[in-house]
Amino acid sequence: MKLPDTKEVQTEFKPKILAFCCNWCAYAGADLAGVSRFQMPTNVRVIRVMCSGRVPPELVIRALANGLDGVMILGCHPGECHYSEGNYLTRRRAHVLKRLLSYIGIEPDRFQLRWVSAAEGAKFSAVVKEAADKITALGPNRWGDKR
Amino acid sequence: MKATSEEVKTSVKKLFEDGSIGHFIGYEMGSDSLRVTPCFLKSGQAASRLVWNPLCANNLSKYLLDFGKVEGKVGIMVKGCDSRSVVELLKEHQIDRDKVFIVGVPCSGIVDREKLLAVLGVSPGEVVAVEDDGDAFLVTIKEGTRRVKKEQVLRGECLVCRYPTPVIYDMLIGEAVSSLPWVGDDYSSVKELEALSSEEKERYWSSELSRCIRCYACRQSCPGCYCQQCFVDQLDPHWVGIKIAPQENHQWNTVRAFHLMGRCIECGECQRVCPVKIPLMLLNRHLLREVESKFSFQPGLSPETPPPLATFKPDEDLGI
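First to last, the sequence lines map onto chains G and H. Here the first sequence stands for residues 1 to 147, numbered as in the numbering used here. Here the second sequence stands for residues 1 to 320, numbered as in the numbering used here.
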């Protein structure tokens, strides 16, 4: 029996994306997307957090430094935060973090903040698909090679 | 009139005599004539040790945190940049305004020791004294006195300094300096780096940060880094591992910069003490520029303004 030559197997790049989803909106949105059977890329790993404001920049940087190709934070639309203002604070923080990451050579698209409500299953799948496409086009995270 | 060592000595002595202060944090000459070290006084008798000259680089404000429980007021000598870190400490409720007596000295630039030695081509032992003389420094070496243009030998932070005169003080020694003639477009180096492609930026920072030995001298010297337990010292979650690896260096240096966002007052201590010469101010100043342009915020100017990340405007457009 001839074993397949591993060198010949063409592995196409599949990015690993981490998505922090707010318990009150995006996580329920992801659930709805699943229940509604929307087609979605399988690159995204979801972590449920109680609020998008719960995600400290350390976690995002840690994920990227450990070789993940992209990180997303998905939260409630501005004005709809379960805790009144968590997502407003996240918005400022994410903006600065994105600028910092871009300054040290991480493409801005690798870190995304998106608003998805619990009713927007379709938007969840669209947002995830868009992120996966963009990050696939960017290729592997350069920090990942240095591990 | 510029402040002189003599004026500082007499003023501090007087402050001790009339009971305004119980302790004083200032500068004294260090191990050689190009080094100045922090000096802690408990009485006016020792005030003769104090100096003020263009070598007084240290930001002394961090020492205020160690004087929280002493009797009476603590006097401290601050330059323009240092005074802004005192404002930040006040804003973050780390020190009590009633417990500090701020002695401000307007500053017209501090010497970068290495630059000076390179320009003069001498060893540290040969320099006798450095004096401020308008747009130049008068350096006395064994063979005589030489005039060195300030632009050649100033610290990087002084070349872009916008607040040479302390923004907060109880007493000002010497005349206020409104602006420094050599300060122009102060974000040019940041803009230059920003304009590069992601790949080039990544290569640049990876090579700079690869030298980091994570000695945390930047943290120890920074007046903004006073956490009882820094995130790098935490074991659970273990944010930064002990591995000698690029990702740990990236993790430390980016998170450090982020934690100082909107709080860094450009004293440049982190970069000055870095044993491997990582241009940390390039990182800090990028974030400074960001908060300044997006949130119209400059740290260290008023203890009342809330920090930019602790506040928000519901309808602001940040492009998200």
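These are computed hints drawn from the structure, not numbers from a lab. Watch out, some of these pointers could steer you wrong.
[Claimed, not checked] What follows is a set of in silico ranges between Cβ atoms, one per label pair, in the way DEER data are often shown:
hint	chain 1	residue 1	chain 2	residue 2	range
1	H	H238	G	S36	34 to 42 angstroms
2	H	S302	G	K134	48 to 56 angstroms
3	G	V35	H	L235	21 to 29 angstroms
4	G	F13	H	K294	32 to 40 angstroms
[As the list claims (entries may be wrong)] 25 angstroms max Cα-Cα, derived SDA-like pairs, lysine to any residue:
hint	chain 1	residue 1	chain 2	residue 2
5	H	K313	G	K134
6	H	K149	H	P106
7	H	K313	G	G144
8	G	K123	H	C39
9	H	K313	G	P57
10	H	K149	H	K99
11	H	K294	H	P314
12	H	K91	G	G144
13	H	K115	H	K243
14	H	K201	G	G139
15	G	K123	G	N66
16	H	K313	G	K14
17	H	K243	G	L89
18	H	K13	H	K91
19	G	K134	H	S206
20	H	K149	H	K313
21	H	K91	G	P78
22	H	K277	H	K91
23	H	K313	G	P78
24	H	K313	G	P56
25	H	K201	G	R54
26	G	K134	H	K91
27	H	K14	H	D32
Quick caveat: nothing in here was measured; it's all calculated off a predicted structure. Where a beta carbon is used, it is the ideal one built from N, C-alpha and C, also for glycine.
Exercise for the section: State the violated hints by number, sorted upward, taking the hints as numbered earlier in the document. Expected result: 2, 3, 5, 7, 8, 10, 12, 13, 15, 16, 17, 18, 20, 21, 22, 25, 26 and 27
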